[in-house]
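Asker: Listed below are the residues making up each chain.
Protein chains: 2
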Amino acid sequence: MARRLDAKADDFETQFADLLAERRDTTADVADSVSEILSRIRTEGDRALHDLTHRFDRFDTGQSGLALSSADIAAAEGTLDSKVREALAQAADRIRAFHTRQQPDTLDYVDDTGTRLGQRWRPVDAAGLYVPGGRASYPSSVLMNAIPASVAGVERVVMTVPTPDGVINPAVVTAARLAGVTEIYRVGGAQAVGALAFGTETIRPVDMIVGPGNAYVAEAKRQVFGTVGIDTIAGPSEILVVADGANDPAWIAADLLSQAEHDPVAQSILITDDPAFATAVEAAVETHLSTLSSEAVARASWDDFGYSIVLPDLRDAADLINRLAPEHLELAVAQPDDLFADIRNAGAVFLGRHTPEAIGDYVAGPNHVLPTGRAARFSGGLSVYDFMKRTSFVACTSDSLQAIGPAAITLARAEGLPAHALSVALRLEDRE
Amino acid sequence: MARRLDAKADDFETQFADLLAERRDTTADVADSVSEILSRIRTEGDRALHDLTHRFDRFDTGQSGLALSSADIAAAEGTLDSKVREALAQAADRIRAFHTRQQPDTLDYVDDTGTRLGQRWRPVDAAGLYVPGGRASYPSSVLMNAIPASVAGVERVVMTVPTPDGVINPAVVTAARLAGVTEIYRVGGAQAVGALAFGTETIRPVDMIVGPGNAYVAEAKRQVFGTVGIDTIAGPSEILVVADGANDPAWIAADLLSQAEHDPVAQSILITDDPAFATAVEAAVETHLSTLSSEAVARASWDDFGYSIVLPDLRDAADLINRLAPEHLELAVAQPDDLFADIRNAGAVFLGRHTPEAIGDYVAGPNHVLPTGRAARFSGGLSVYDFMKRTSFVACTSDSLQAIGPAAITLARAEGLPAHALSVALRLEDRE
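If you read the protein sequences in the order shown, they are chains A and B. For the first sequence, full-length UniProt numbering gives the first residue as 1, with consecutive numbering after it. For the second sequence, full-length UniProt numbering gives the first residue as 1, with consecutive numbering after it.
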């Protein structure tokens with residue numbers, strides 16, 4: 001059973017501070033194993049991939065080849081339930097529509113000195129998408145990771161996905177095709193990250209690697225960062241639901257459980273102004289739990305990390321929300337925009353009683369790859385911008401350099417950088 | 001003397017690949033010392049700051065206080081040369097004007113299903129700016145790091161700068177005031193990064209830490225990443241100058257030296273289509289070097305890491321440039337826009353013969369904190385966006401949930417996440 005905190009209690013601030021300081025990450029120290037695997041990929045290339053895939057996935061990529069052929073993909077897609085295929089297509093369309101609105105504009109102008117200034121955005125040349133194998137191999141995550149790359153205009157969108165025992169997940173390859181993935185390799189683990197970062201005979205290197213994975217994959221991404229760009233390292237999922245007493249407790253209980261069922265260390269928190277409603281939600285959680293195939297995981301998360309927080313007035317919730325900086329925030333109240341105006345820190349916000357968080361996981365449109373562990377204080381969800389980079393530019397004329405050059409010379413000299421000063425001064429002297 | 005590569009040589013591709021693979025970073029392994037310092041800051045707070053500052057900077061912050069008072073600042077500013085003050089003010093105005101154009105727009109729309117979708121940008125609550133002490137304490141970097149935070153609307157812009165032997169750099173504190181820094185603490189090293197990330201009795205924690213520093217500072221930023229956001233870890237500086245034979249060799253030589261003088265492991269590369277011009281530039285480099293107070297550093301960089309590359313046709317330069325992905329790129333040719341159109345990977349580009357790179361270091365307007373070590377393949381310069389984060393939002397109506405909810409239920413079931421499906425299904429059933 002989740003813990004209950006009462007904002008009127010004397011020790012509330014202490015208890016809330018403890019909640020904030022709670023660490024749910026279970027970080028295994030796999031740095032050395034990962035470093036060894038990455039070094040094998042750099043020196044042995046494909047041979048290391050074949051060997052490690054044989055060992056970890058019990059599958060002979062030397063025989064099958066590392067790439068999934070179009071025949072492999074078509075065969076797998078053929079086995080997918082048509083309802084799931086249609087749902088994936090609808091989701092892909094909606095995700096693409098939202099992300100298309102994220103495309104940034106070029107800036108290019110001439111200022112009053114006659115200096116031309118601007119910045120231009122270009123896609124990265126190649127993006128790598130890591131997709132986990134087994135149960136965490138979510139087709140929705142393939143859509144959410146690959147579509148922003150495709151919308152950004154990335155030429156090569158390269159997916160790696162392990163196929164343990166040779167089994168290909170039909171929904172994952174279908175999602176890949178819908179999302180615009182251009183190459184698929186059947187490898188996983190740190191070795192897949194290494195192949196994407198450094199390249200092998202078969203897999204050309206990429207510039208940016210995204211996607212979730214286990215401790216080995218996360219550590220591999222950390223270690224290759226710098227050689228390539230990476231997205232953030234995701235921690236356990238979280239939801240914060242703000243709900244007044246006018247909600248159906250069964251709906252709110254289901255929302256809390258939709259995060260709890262992801263992971264025993266996921267966290268679900270309810271904030272309400274109605275203690276009786278909190279009790280009703282807690283009861284509904286128990287009722288739902290007994291019906292769910294995900295009961296064990298969801299119960300562990302709710303019992304160990306779940307909270308109900310009762311406040312006298314939900315208008316006071318903003319401060320607690322901003323301190324928690326949740327990955328997902330539901331505002332299940334009549335006028336959610338009033339509270340939303342005061343929210344500074346949240347990955348994604350779900351407004352009103354008819355917007356369960358799960359709609360954002362699949363079909364709403366915005367990305368479901370979001371900052372966890374209070375990282376919403378300084379970062380947002382995965383986006384088209386992550387697959388692009390800015391180049392700034394300047395063009396002086398002989399006249400405009402005359403206007404701004406002297407200050408540059410003064411500052412360069414003050415900083416003890418004479419060649420900086422000289423490079424400007426030579427061009428100014430030329431006029432005299 | 002720099003090496004000369006000739007694109008017509010049989011082994012050019014091998015030599016160019018070697019250039020690309022060259023590592024100029026000198027990474028000291030300071031992880032353990034840094035981890036110990038960070039742990040002392042967490043447990044001892046101010047006391048550890050006083051102690052470490054006394055040890056490393058020979059200065060008693062227990063006596064002076066950790067914060068620079070407004071009297072300290074005014075006294076230091078009073079000693080600054082008025083010409084430098086005016087140059088800093090002009091630079092600050094121009095940097096602010098450029099960065100003001102980076103402010104992103106809110107997205108908020110209703111799609112054809114009646115679902116409201118969008119994203120909103122907010123500044124981080126507090127940003128920390130690390131400024132090194134001693135010779136690398138550049139006032140221009142204070143402007144470049146703090147102004148984007150100030151333009152983003154960050155409430156607390158907190159600067160740390162060591163004051164070895166108690167000496168305050170007048171240009172640095174003047175730049176801080178011009179840039180909108182709100183708090184200054186006279187601490188440095190890994191301990192300053194720790195104080196910004198975790199907070200102490202005197203220094204409240206921030207959400208994002210930026211700024212250059214030595215190996216200890218870089219490692220400290222790496223270790224606190226996740227607790228706070230960080231900018232990228234800067235490597236040695238680089239310039240790539242593309243110049244035809246119509247340039248003044250003395251100008252181009254000064255441009256190459258303006259990066260070389262930063263660091264013995266900085267890199268300056270000339271690409272030209274005129275071997276005689278390359279020879280003239282190399283001669284001009286020697287002439288300039290003997291006049292520079294930065295000769296020793298600049299000569300080491302030019303001799304060890306400098307290159308001249310001669311191509312038959314500068315129109316073929318784009319491929320080499322994109323593979324090098326330089327931090328700074330000068331296009332000193334008659335029609336720079338033609339070549340610029342083909343450039344995908346560069347941090348900042350300087351167009352035409354009258355735009356020396358140094359103008360971008362000080363007064364042009366765009367940021368001088370730029371990706372190094374080929375990171376321009378996947379990232380751009382420091383910007384207002386780095387001090388803001390996006391929050392996405394969704395609001396379904398009962399009707400719009402009816403339109404998009406069924407696909408979410410199908411996908412949640414296919415992914416084995418029944419509580420996700422339930423949270424949507426309960427809201428749909430309510431209509432029936």
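Some clues are possibly wrong.
Since the list can't tell identical chains apart, any single copy or any two copies may satisfy a pair.
Stated by the list, open to error - Mimicking SDA-like on lysine to any residue, the simulated pairs with C-alpha atoms at most 20 Å apart in a straight line are:
1. K83 <-> Q402
2. K83 <-> D125
3. K83 <-> P406
4. K83 <-> R204
5. K83 <-> D337
6. K8 <-> A403
No wet-lab data here; the hints were simulated from the structure.
Asker: Give the relationship of K83 and Q402 under a CA distance limit of 20 Å: within one copy only, between copies only, both, or neither.
Answerer: Between copies only: 16 Å across chains, 67 Å inside a chain, cut-off 20 Å.
Asker: Between K8 and A403, at a C-alpha cutoff of 20 Å, which is it: within one copy, between copies, both, or neither?
Answerer: neither (63 Å within a copy, 42 Å between copies)
Asker: For K83 vs D125, is the C-alpha pair at or below 20 Å within one copy, between two copies, both, or neither?
Answerer: neither (34 Å within a copy, 45 Å between copies)
Asker: Reference check for the pair K83 and P406, CA-CA at most 20 Å: within, between, both, or neither?
Answerer: between (68 Å within a copy, 10 Å between copies)
Asker: 20 Å Cα cut-off: does K83 pair with D337 within a copy, between copies, both or neither?
Answerer: Intra 35 Å, inter 51 Å, cutoff 20 Å: neither.
Asker: Should K83 paired with R204 be assigned to within, between, both, or neither, using CA atoms and 20 Å as the limit?
Answerer: Classified as neither; 35 Å inside a copy, 53 Å across copies.
In terms of the numbered hints stated before, the structure departs from hints 2, 4, 5, 6, listed from lowest to highest.
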